[in-house]
Amino acid sequence: MRIFKEIPSNKPSTPLLDSVDIPSDIRSFSIHELETLSNELREFLLYSVGQSGGHLGGGLGVIELTVILHHLFNTPYDNLVWDVGHQAYPHKILTGRKNKIQTIRKKAGLAPFPLRKESEYDAFGVGHSSTSISALLGMAIASKDSFPDKKHVAIIGDGAMTAGMAFEALSHTGHLKPNLLIILNDNDMSISENVGGLSNYFSRIWASKIYKGIKKSGSSFLKPLPQAYHLARKVETQMKAMVAPGTIFEELGLNYIGPIDGHNLKQLKDVISNLKEFDGPQFLHIITKKGAGLDPAEADRIGFHAIGKIRSINKDKKSKQKKYQDVFSDWIVDMAETDKNLIGITPAMREGSGLVDFSKKYPERYFDVAIAEQHSVTFAAGLATENKKPVVAIYSTFLQRAYDQLIHDVAVQNLDVTFALDRAGLVGEDGPTHSGNYDISYLRCIPNMMICTPSNENEARHLLTTAYLHEGPASVRYPRGVGSNEPIKNKLIPFDVGKAKLINKGNSKIVILNFGALLEEAKIVASELKLILIDMRFVKPLDEEMLKKYLSKAEYFVSIEDGSVMGGAGSAVQEFCSKESILIKSILFGIPDKFIEHASRQEMLNDAGLSSEKIKSRLKKLL
0 MRIFKEIPSN
10 KPSTPLLDSV
20 DIPSDIRSFS
30 IHELETLSNE
40 LREFLLYSVG
50 QSGGHLGGGL
60 GVIELTVILH
70 HLFNTPYDNL
80 VWDVGHQAYP
90 HKILTGRKNK
100 IQTIRKKAGL
110 APFPLRKESE
120 YDAFGVGHSS
130 TSISALLGMA
140 IASKDSFPDK
150 KHVAIIGDGA
160 MTAGMAFEAL
170 SHTGHLKPNL
180 LIILNDNDMS
190 ISENVGGLSN
200 YFSRIWASKI
210 YKGIKKSGSS
220 FLKPLPQAYH
230 LARKVETQMK
240 AMVAPGTIFE
250 ELGLNYIGPI
260 DGHNLKQLKD
270 VISNLKEFDG
280 PQFLHIITKK
290 GAGLDPAEAD
300 RIGFHAIGKI
310 RSINKDKKSK
320 QKKYQDVFSD
330 WIVDMAETDK
340 NLIGITPAMR
350 EGSGLVDFSK
360 KYPERYFDVA
370 IAEQHSVTFA
380 AGLATENKKP
390 VVAIYSTFLQ
400 RAYDQLIHDV
410 AVQNLDVTFA
420 LDRAGLVGED
430 GPTHSGNYDI
440 SYLRCIPNMM
450 ICTPSNENEA
460 RHLLTTAYLH
470 EGPASVRYPR
480 GVGSNEPIKN
490 KLIPFDVGKA
500 KLINKGNSKI
510 VILNFGALLE
520 EAKIVASELK
530 LILIDMRFVK
540 PLDEEMLKKY
550 LSKAEYFVSI
560 EDGSVMGGAG
570 SAVQEFCSKE
580 SILIKSILFG
590 IPDKFIEHAS
600 RQEMLNDAGL
610 SSEKIKSRLK
620 KLL
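Sequential numbering of the sequence shown, starting at 0, is according to numbering that gives the first Met the number 0.
There could be a bad hint or two in this list.
Once the Cα atoms are required to be at most 20 Å apart in a straight line, the calculated SDA-like pairs of lysine to any residue come out as [claimed, not checked]:
#1 339 / 493
#2 522 / 555
#3 105 / 595
#4 288 / 157
#5 268 / 71
#6 268 / 39
#7 552 / 581
#8 388 / 338
#9 619 / 554
#10 150 / 119
#11 552 / 621
#12 504 / 619
#13 529 / 612
#14 143 / 274
#15 529 / 502
#16 116 / 431
#17 508 / 620
#18 143 / 76
#19 105 / 600
#20 268 / 32
#21 359 / 337
#22 529 / 505
#23 488 / 502
#24 508 / 580
#25 504 / 553
#26 522 / 621
#27 143 / 277
#28 97 / 39
#29 268 / 31
#30 500 / 575
Source of the hints: derived by calculation from the structure; they are not laboratory data.
None of the values given here were measured: they were computed from a predicted structure.
Generate the whole structure from the sequences, applying the supplied hints.
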């Protein structure tokens, strides 16, 4: 493997890679040519992501694996499923998208994750973790009779493997025993001593055709002798357990192989080419380095997971303006100082959610439950029953995975759990799989739930305090990135629950109701058109007194929210007006009933009709 000290600023010379348009072009390559291709692919990936920004570390770690898989398997006829998809950039480059890779995550460019409509080589659309094995099992079962020669391969990371869904799928796979290959890409450790010596020796044996033949004939011979058969199987399992951590997978009914070096092309080729011919479910454990081949990325796996557009390894000067996650970070540390019962919980998003400082200052009160959103919510519920005050820091899009637990385990029991919902609304370059469009809609219908929608950084701090001090389940939603740079008051002062704030007095014909982070757009519209503007702050409970006062005299109310129009905050106001027999017309601005494709957040807002210009243009017609 060629090692790079920095990200190339000039387009590299990649003659072998340039000759590859589709995977079939590399099927005849020698191991030497595959090694050359891997080095060129790594350099090209570094250059391309350096120019465009995007996910880097995961892709660097699977260069060799990607090359070998497309070398050995007949893709796209054979199915290749990448879990989550952060690591799929090399796959996209080798499957006809090399010349478009610098458009990734940009408006009208390549999708940030595998996407079925983008390429026939993307067997399954992904974005959220731990779906690959379930999808692969469905593919294997569906094609078993019609296409018995079709191969099925899933690549899943060690983080995604922690989710319950992955183990549910493994259990079902072991029960059905289809012909498929699951590759565990374990990049949470370096190549250790056990990845060599006896482990490598036995892994080669277990993945060999000789072992396959002996095992098959031995089983046939010993099965009439039940005691001898079970003794032999037990000895085999115990021998594997001595040198490999695969006993659990064996017990689930999969043939475990590994761990092996995921950067050793020859070893990967030898082992996987043999496993292709095995019957039943195979489980290959490989060890890789996230960021492999770039020194700074290997040293800082988190920092180089995804990067912005850069021309060298020197990081851009950080803005002094606090992001919403920084506001949350400061708030939870400050609140924890005042309340020893506060517990911070995250499902594997410590850095992204802003829990780094809290985890260092209060390690005994910090819990990273891994990619286990369902568990995180019920774990919080259990804590709350014993008078602890759990704060679950979670992305809006990921809370969707724990909806039953939210209702059944928290809301039904009216437990005191605070949900800090980061990345609410249109999230930007990661696209529709990561946009947090639906939390208002799916939380609003749950009894006992309070929903807070701060309009800026200072409001976020106050509403986090409000939600935390509220007795019962409460959520505070805020977007990715920075807000309006509102000065932040350090005191932990709550707002009155359900009380809105009048921002602008104006023409009483039209009343604008703002819910959340689009207040600045609403201010522009209200100022230029001289309209009444109210920052609602809460979706549930609504400020009914304020609504009665202003809507009873108005001809229209206009709601603005960075969330789904269907079932959203505007709908809540419509329901209130209906209940109170307030006859008023309404215009609801929010995310329409469609998925907004990846682009910058501002471009996505514009596509959704949520820019100040588009709102103003529509309202002018009413005056």
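Okay, the hints, checked on the actual structure:
1. 339 / 493: With a Cα-Cα distance of about 19 Å, the restraint between residue 339 and residue 493 holds, given a limit of 20 Å.
2. 522 / 555: 17 Å, holds
3. 105 / 595: 13 Å, holds
4. 288 / 157: Since the Cα atoms of residue 288 and residue 157 sit roughly 12 Å apart, the hinted pair holds (cutoff 20 Å).
5. 268 / 71: Holds: residue 268 and residue 71 sit about 8 Å apart, inside 20 Å.
6. 268 / 39: Roughly 19 Å between the alpha carbons, so the hint for residue 268 and residue 39 holds.
7. 552 / 581: Holds. Residue 552 to residue 581 sits at ~9 Å (cutoff 20 Å).
8. 388 / 338: Given pair residue 388, residue 338 holds - Cα atoms ~9 Å apart, limit 20 Å.
9. 619 / 554: 14 Å, holds
10. 150 / 119: Answer holds: residue 150 to residue 119 is near 15 Å, not above 20 Å.
11. 552 / 621: 16 Å, holds
12. 504 / 619: 17 Å, holds
13. 529 / 612: At roughly 15 Å apart (the allowed maximum being 20 Å), residue 612 and residue 529 satisfy the hint.
14. 143 / 274: Roughly 18 Å between the alpha carbons, so the hint for residue 143 and residue 274 holds.
15. 529 / 502: 12 Å, holds
16. 116 / 431: Holds - the C-alpha atoms of residue 431 and residue 116 are around 14 Å apart, at most 20 Å.
17. 508 / 620: 13 Å, holds
18. 143 / 76: 13 Å, holds
19. 105 / 600: Holds. Residue 105 to residue 600 sits at ~10 Å (cutoff 20 Å).
20. 268 / 32: 13 Å, holds
21. 359 / 337: 17 Å, holds
22. 529 / 505: This hinted pair holds, its Cα atoms lying about 5 Å apart.
23. 488 / 502: 19 Å, holds
24. 508 / 580: Holds: residue 508 and residue 580 sit about 18 Å apart, inside 20 Å.
25. 504 / 553: 13 Å, holds
26. 522 / 621: 18 Å, holds
27. 143 / 277: Holds, at roughly 15 Å.
28. 97 / 39: 12 Å, holds
29. 268 / 31: Given that 20 Å is the threshold and the Cα spacing comes to 12 Å, the pair holds.
30. 500 / 575: Between residue 500 and residue 575 the Cα gap is close to 18 Å, so the pair holds against 20 Å.
This entry satisfies every hint, going by the numbered hints stated previously.
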